Amino acid sequence: MFKQYFHGNVKFFNENFNNLERVLYAGDADLAIGVNNKIQERLGQKPLFNNTQEFLELMNNGGKIEI
Numbered sequence: 028m029f030k031q032y033f034h035g036n037v038k039f040f041n042e043n044f045n046n047l048e049r050v051l052y053a054g055d056a057d058l059a060i061g062v063n064n065k066i067q068e069r070l071g072q073k074p075l076f077n078n079t080q081e082f083l084e085l086m087n088n089g090g091k092i093e094i
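By my numbering, the letter at position 50 of the sequence shown is numbered 77, and the numbering carries on one by one without gaps.
Hints in this document: simulated from the structure, not taken from any laboratory.
Owing to the predicted nature of the structure, the values given are computational and were not obtained by experimental measurement.
From the three backbone atoms N, C-alpha and C, an ideal C-beta is built for every residue, glycine too.
Heads up, a few of these hints could be off.
Ranges of calculated distance between the beta carbons of each label pair, as one might list FRET restraints [unchecked claim]:
#	residue 1	residue 2	range
1	Leu75	Phe39	19 to 27 Å
2	Glu68	Phe33	13 to 21 Å
3	His34	Asn88	22 to 30 Å
4	Asn36	Lys73	18 to 26 Å
Using the sequences and the hints, build the whole thing.
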């Protein structure tokens, strides 16, 4: 059971880190944010923004973050 769980997590993170590397080379910030958000959600975190527009709004708002 543990081996199956561990294998599933390793596969998920390997795929998503590979995707993150590809989108960073492509220079697509919105895709990079999307991949990063998938990783955050898998770790039980709530993403702070979903695209570059939301990121810019957050930064222009003094960077105030409410969780």
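For each hint, the structure was consulted:
Checked against the hint of 19 to 27 Å, the C-beta distance between Leu75 and Phe39 comes to roughly 21 Å, which is consistent with it. Checked against the hint of 13 to 21 Å, the C-beta distance between Glu68 and Phe33 comes to roughly 19 Å, which is consistent with it. Taking 22 to 30 Å as the suggested C-beta distance range, the pair His34 and Asn88 does not conform, at roughly 42 Å. At roughly 19 Å, the beta carbons of Asn36 and Lys73 sit within the given window of 18 to 26 Å.
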